[in-house]
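Protein chains: 2
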Amino acid sequence: MSIYDKLRERGIEIGDRVRVLRDNEEIYGVLMPRYSIYEGENLLVIKLDNGYNVGIEVDENTKIDLVSKRERIVFKEEKVLFDKSKPKVSVLSTGGTIASRVDYKTGAVYPSLRTEDLIKMIPEIEGLVYLDAKQIMSKFSEDMKKSDWSLIAREVYRSMKDSYGVIVLHGTDTMSDSASALAFSIRNKSVPIIFVGSQRSSDRPSTDSYFNIKASIITALKAPFAESVVVMHGETSDSYALVHRGVKVRKMHTSRRDAFQTINDYPIAKVLVDRMELEIIGRIIRYRSNEEPVLMDKFEEKVALVKFYPGFDEGILDYFLEKKYKGIVIEGTGLGHVSNDLIPKIKELIDSGTIVTMTSQCLFGRIDMKVYSTGRLLLKAGVLPSEDMLPETAYVKLSWLLGNFKDLEEVKRLYLENLEGEINERLSLDMYPKWITNH
Amino acid sequence: MSIYDKLRERGIEIGDRVRVLRDNEEIYGVLMPRYSIYEGENLLVIKLDNGYNVGIEVDENTKIDLVSKRERIVFKEEKVLFDKSKPKVSVLSTGGTIASRVDYKTGAVYPSLRTEDLIKMIPEIEGLVYLDAKQIMSKFSEDMKKSDWSLIAREVYRSMKDSYGVIVLHGTDTMSDSASALAFSIRNKSVPIIFVGSQRSSDRPSTDSYFNIKASIITALKAPFAESVVVMHGETSDSYALVHRGVKVRKMHTSRRDAFQTINDYPIAKVLVDRMELEIIGRIIRYRSNEEPVLMDKFEEKVALVKFYPGFDEGILDYFLEKKYKGIVIEGTGLGHVSNDLIPKIKELIDSGTIVTMTSQCLFGRIDMKVYSTGRLLLKAGVLPSEDMLPETAYVKLSWLLGNFKDLEEVKRLYLENLEGEINERLSLDMYPKWITNH
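Protein chains in written order, with full-length UniProt numbering: chain Z, 1 to 439; chain S, 1 to 439.
There could be a bad hint or two in this list.
[Claimed, not checked] With a cut-off of at most 25 Å between alpha-carbon atoms, the simulated BS3-like pairs for lysine-lysine come out as follows:
hint : chain 1 : residue 1 : chain 2 : residue 2
1    : Z       : Lys324    : Z       : Lys412
2    : S       : Lys302    : S       : Lys222
3    : Z       : Lys139    : S       : Lys347
4    : Z       : Lys380    : S       : Lys139
5    : S       : Lys134    : S       : Lys161
6    : S       : Lys323    : Z       : Lys345
7    : S       : Lys145    : S       : Lys406
8    : Z       : Lys380    : Z       : Lys347
9    : S       : Lys434    : Z       : Lys434
10   : Z       : Lys324    : S       : Lys323
[To be verified] Stretches of chain S that chain Z covers, calculated by requiring three or more beta carbons in the stretch to come under 8 Å of a beta carbon on chain Z:
hint : region
11   : 16–30
12   : 156–168
For the record, the hints were derived by calculation from the structure and aren't laboratory data.
Note that CB positions come from ideal geometry on N, CA and C, so glycine has one too.
Use the sequences and the hints to build the structure in full.
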């Protein structure tokens, strides 16, 4: 029985203010949740008044008393109406940094951002929009599964019918994968689907939540396109946000606000947040329309993304062969290579019915398997080239194709086709970033 | 018996000029090697006089005659002396685009660049340097194994004793991995080790071979540093080359000349090739010295690089557990995450004695596993954070540490230490590239 269980029996809960007396030392603070199941049974985490968390090992001589109960916060599903005659924008919360807040006073963790909070943060949209917020799950994005992509797709599909745009609040780690998943799983999109996240949580002074959410609402209201996009900070300052095509965007930095960047294409648009304007700077694949969207929400589980490197163990490919994987996206080197000694095993996979495709870990540029003999051997073995598709996008696309189409020849044909702007036929020189060389 | 074998019996070899008579059609050209073992037994590849290769299916009615024998090219190991009183620079050729040429006249494939060719291409170095070229292997870089890293290390170690610098000609696909391998496997480097490659082969008008090799020789002569570096085009034009620290560089484009870019650091130097000047623009970790280099050329085979993605199959980790892998470098999401359901399996690996480390697939920025609970759980399970190390560098480093140190505690301690500039303690804002936004 952990110390937390014992305290609960005595009516002391997370968020309560407590006094800890140990070795003649008196500690006042708020009882915080433990970070980890791996942490000792007797470890107590207390948030001190100076804001720091301390871990305290508790023994039989430690005395813990309740000072005051935490402030109760009641959550309910809310719909806040501004003006129902105004365009409705749906906000679906899936979790992640953008949708979670820690109350430093009480220690309570808000599971999601409420419509109320959205309204408070952007008073200037009052009268412009009717916001409808709903929490559809509460997950870190690193925990998202293919079944979550399907769930998000179904919820977005349902919401998009009477909305001017659907905003999805999402953790940033795998946000681009989910945005790709939505690009494929809702056909004939009628309105934009806008993924938005934040790199710093809403309770921190440096948070990018408000700026990004505001940019996403402007996008929902003003976008002429009906695509699955990611809206995030364009620079570290609050100058503008960028609208990236979901199938062409990647999280390129662990912590910066402008971590999301378009690869092998231009972003679709810039959002000048202060002026509430949206400026188109890239190509548009699909415009808003009155077409009926079509939901195709399945993703094949038995598809893997395999990164090649020197010393790669062939046994991993045997594993996929044994498990009867239906698709493998290789993240090869350069123009689309793996070591020549892997080719017979890859051919074996293909002969057994697995679809194997090739992308490049360079990320920038296009696969070309005709230049060197290694590439030609891979083509000959039946590996499908992926043009300039990102490895992650290729993985989502192949999972989606194998989930929704029975005929393997059709899967192959569609894989090579440009369905949602995931292939850019014309890479221009300036789509490669300007690398800083200290001069 | 393939058609090639039959021709060989008749004294007709690759590179010979032949006449093919089939269906009353007469084709003249040079007999080329077949690209692939997968190509039909009866397929003949002929280079026509207009430069195109054609594949011809041969049957019993086809007649093939020798027109003329190919010009014989005799390879020998050559040492070309300019002036032995001048600084000696060793050039070790491992293969790759930079070291291979196709003679379009004869169809013969040159296995390596000869010293003679080096001299012809850079007459302006005459009198400045004594070049000593040697072919140590002939491999595409995608075929490099850890045993090849060891071989290159031994050859470089041998050459560096009486050289002013050692240049390694290498294919570009995995050049940065080999450069990392050399950074670790020769301790106390006395002179620079310079990896150089080309994105387009020497026989093409757009080749970057000459420019890059010239830049590498200038680096060998003028560098004050003694590190393992990569020298490649800095821009698409022939303006300057960049000297990248091997442990901080990555091939970021499938085809551009300036594909190699430093991540999370500044390049060490710029080479102004026309002016034969080298300008230091970054930090130097190790200067030239009279210290005795130490060779530590082992790399543990049982180390893997594992990229995480949504839907990642836990069974892959079971595979490494069964095979008793000694090290696993995870390429996680964001600040260093995987899905929470993988953590127990990762803990099992660590408890079984596997060293597991975390890097980020974002590439840019630093791992920070203390921000979110997923990261804290991973730390608690014993996963080592890798700061701002590139995934590929972390993989090479862990393979090297496990190959050369018996004590696992020492391996862990050294993994977290900055040995060769692979960790940059001070990331500055301008180390993130300027992404092009079409404006």
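Each hint, compared with the structure:
1. Z/Lys324 to Z/Lys412: holds, 18 Å
2. S/Lys302 to S/Lys222: Not satisfied, since the Cα-Cα distance of roughly 39 Å exceeds 25 Å.
3. Z/Lys139 to S/Lys347: holds, 22 Å
4. Z/Lys380 to S/Lys139: holds, 21 Å
5. S/Lys134 to S/Lys161: Holds. S/Lys134 to S/Lys161 sits at ~15 Å (cutoff 25 Å).
6. S/Lys323 to Z/Lys345: holds, 19 Å
7. S/Lys145 to S/Lys406: holds, 22 Å
8. Z/Lys380 to Z/Lys347: Holds, because 9 Å separates the two Cα atoms, which is no more than 25 Å.
9. S/Lys434 to Z/Lys434: holds, 5 Å
10. Z/Lys324 to S/Lys323: At roughly 21 Å apart (the allowed maximum being 25 Å), S/Lys323 and Z/Lys324 satisfy the hint.
11. 16–30: violated (count 0)
12. 156–168: Our answer is that it is violated, as 0 residues pass the Cβ test (under 8 Å) against chain Z, missing three.
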